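My request is simple: use the sequences and hints to build the entire structure.
Here the sequence shown is numbered in numbering that gives the first Met the number 0, starting from 0 and rising by one per residue.
Keep in mind that a hint or two might mislead.
[What the hints assert, rightly or not] DEER-style ranges, computed between Cβ atoms:
id, residue 1, residue 2, range
1, E252, F175, 47 to 55 Å
2, S384, P158, 35 to 43 Å
3, T174, T377, 28 to 36 Å
4, C142, K322, 40 to 48 Å
[Unchecked claim] Computed cross-link-like contacts, DSS-like style, restricted to lysine-lysine with a CA-CA straight-line distance of at most 25 Å:
id, residue 1, residue 2
5, K169, K37
6, K119, K316
7, K316, K326
8, K120, K37
9, K37, K112
10, K242, K326
11, K242, K120
12, K242, K112
13, K242, K119
14, K120, K316
15, K321, K242
16, K159, K169
17, K242, K322
18, K120, K321
19, K316, K242
By construction, these hints were calculated from the structure, which means they are not laboratory data. Owing to the predicted nature of the structure, the values given are computational and were not obtained by experimental measurement. Backbone N, C-alpha and C define an ideal beta-carbon position, used for all residues, glycine too.
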Amino acid sequence: MERRYENFVSQRRILVMADTSSFTLISESRRHRNGTSKFLSILIRLAGLTEDSKKSVRTQILSISFGSLITFGTLDVWIYIVLQVKNVILNLTVLSALACSMITWHWMNRNRKQLSVLLKKFRGIYSSSSENRINIIVIFILCLPLLYSVLFTIFCNRPKEASFHGYGIKMSDPTFQIIFIFTKQWISYFIFPTFTNVVTLLYCDMCLKCSAQLNRIIQQINHFSTEAFGPSEQINILRCVSKIDDILESVQEVFSVPSLFLIAANFLSCMYALGMFLDVVPYSEYILFITDFLLYGGISFTAWTFILWAAGGLPVKMDELKKSFHKKAQLRLIFRSTLSEQQIIREMFVKRQFSFTACDLFSYRRSTILALLGTLLTYAFLVFSSHH
0 MERRYENFVS
10 QRRILVMADT
20 SSFTLISESR
30 RHRNGTSKFL
40 SILIRLAGLT
50 EDSKKSVRTQ
60 ILSISFGSLI
70 TFGTLDVWIY
80 IVLQVKNVIL
90 NLTVLSALAC
100 SMITWHWMNR
110 NRKQLSVLLK
120 KFRGIYSSSS
130 ENRINIIVIF
140 ILCLPLLYSV
150 LFTIFCNRPK
160 EASFHGYGIK
170 MSDPTFQIIF
180 IFTKQWISYF
190 IFPTFTNVVT
200 LLYCDMCLKC
210 SAQLNRIIQQ
220 INHFSTEAFG
230 PSEQINILRC
240 VSKIDDILES
250 VQEVFSVPSL
260 FLIAANFLSC
270 MYALGMFLDV
280 VPYSEYILFI
290 TDFLLYGGIS
300 FTAWTFILWA
310 AGGLPVKMDE
320 LKKSFHKKAQ
330 LRLIFRSTLS
340 EQQIIREMFV
350 KRQFSFTACD
360 LFSYRRSTIL
370 ALLGTLLTYA
380 FLVFSSHH
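Below, the structure written as structure tokens:
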């Protein structure tokens with residue numbers, strides 16, 4: 000009797016701990032109603048990627064202005080690049096990357112209602128511990144256009160660049176040249192990669208939050224003793240997993256197409272930076288080359304690897320969850336087996352293996368990073384061979 004009472008007390012303690020942690024998440028989500036960090040939520044709302052519940056005129060004007068900036072800014076950079084006949088292949092990579100950025104905005108703007116619903120689902124699994132990190136990353140992303148524009152304006156040949164950006168019109172006033180070049184470069188860098196980095200951060204934040212919740216369920220399974228892991232506890236685990244599955248399906252529905260274009264845009268930007276690195280650069284433009292290589296190539300490389308690492312980590316966590324559940328249930332079946340528990344275990348393992356996909360073309364796995372790195376190395380070898 001004493002042993003049974005101790006087991007009962009320990010089981011209740013574990014359940015109370017689980018309920019307390021769930022209550023903490025709910026209370027945090029009530030304080031943060033956006034489903035993501037404050038700064039990131041403001042950005043995506045101003046960009047017109049979510050629906051405004053209040054439907055204020057100010058928000059609608061900002062959303063239209065943002066869309067116009069993306070569209071006409073992209074067309075302006077296209078014209079500027081086409082007028083430069085330095086390297087056709089490098090120009091095509093930049094044009095394609097900008098096109099991917101513009102398509103991403105138009106697709107997400109058209110599906111802003113689905114994204115708004117998805118963010119509401121994340122209110123229940125919000126984690127305030129990551130908010131400060133996300134806000135710092137958002138500030139860093141927004142500072143990059145300013146940094147790039149300042150460096151480009153300082154070290155470039157201003158009369159030449161002002162004439163290029165002005166479609167051949169010569170500008171003699173040095174002050175106007177500085178303002179004109181700075182504004183053009185800020186808009187260009189804001190369209191890509193700043194905007195795509197914001198969407199990438201939102202997507203990866205959702206993936207990491209789902210991974211964290213799966214990891215939390217794994218820890219709860221490991222905390223249960225063999226006797227305490229009964230049918231009711233197993234059903235609660237399945238219920239939690241099914242909720243996360245529903246959220247993952249919604250993420251896949253919203254980001255299936257945008258994530259493909261995000262990876263494509265950033266990968267093309269890496270090819271552009273790598274092509275510049277292997278090309279012959281005049282000494283007078285060396286600082287500009289380093290700036291482009293780091294702030295375009297380096298940031299883009301980080302972005303697409305981050306996407307594949309975050310999205311590819313979910314199948315790994317799913318496997319860990321199934322292994323933990325199977326190990327605990329198997330030990331219990333050795334000592335106490337019922338028909339209901341066998342059905343629960345069967346239900347757990349007949350579930351399909353979830354993984355994010357890019358328009359059902361390929362699945363996001365961490366091994367994809369190595370495949371794309373191999374593609375970059377092959378591209379570098381071909382470019383190097385053509386120059387020699």
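- For the pair supplied as a hint, K159 and K169, is the alpha-carbon distance within the 25 Å limit? Holds. K159 to K169 sits at ~8 Å (cutoff 25 Å).
- Within 25 Å, alpha carbon to alpha carbon, are K316 and K242? holds, 15 Å
- Query: Under the criterion that the straight-line Cα-Cα distance not exceed 25 Å, is the pair K169, K37 satisfied?
  - Reply: violated, 44 Å
- Query: Within a Cα-Cα threshold of 25 Å, do K119 and K316 meet the stated pairing?
  - Reply: Measuring from Cα to Cα gives roughly 23 Å; hence the hint holds.
- Message: So if I understand the rule, the pair passes when the alpha-carbon distance is 25 Å or less; does K242 with K322 pass?
- Response: Holds: K242 and K322 sit about 19 Å apart, inside 25 Å.
- Item | Restraint status (C-alpha distance of K242 to K112 at most 25 Å) | Between K242 and K112 the Cα gap is close to 20 Å, so the pair holds against 25 Å.
- Item | Agreement of K242 and K326 with the hint, judged by alpha carbon distance not exceeding 25 Å | holds, 22 Å
- Message: Just to be sure I understand the hint, the distance between the Cβ atoms of C142 and K322 should be within 40 to 48 Å; is that true here?
- Response: holds, 43 Å
- Item | Assessment of proposed distance window 47 to 55 Å (beta carbons of E252, F175) | holds, 48 Å
- Task: Quickly compare the C-alpha distance for K37 and K112 to 25 Å and report which way the hint goes.
- Result: holds, 19 Å
- Query: Regarding the pair K316 and K326, is the alpha-carbon distance no greater than 25 Å?
  - Reply: holds, 15 Å
- Are the Cα atoms of K242 and K119 separated by 25 Å or less? Holds, at roughly 13 Å.
The structure shown violates the earlier hints numbered 3, 5.
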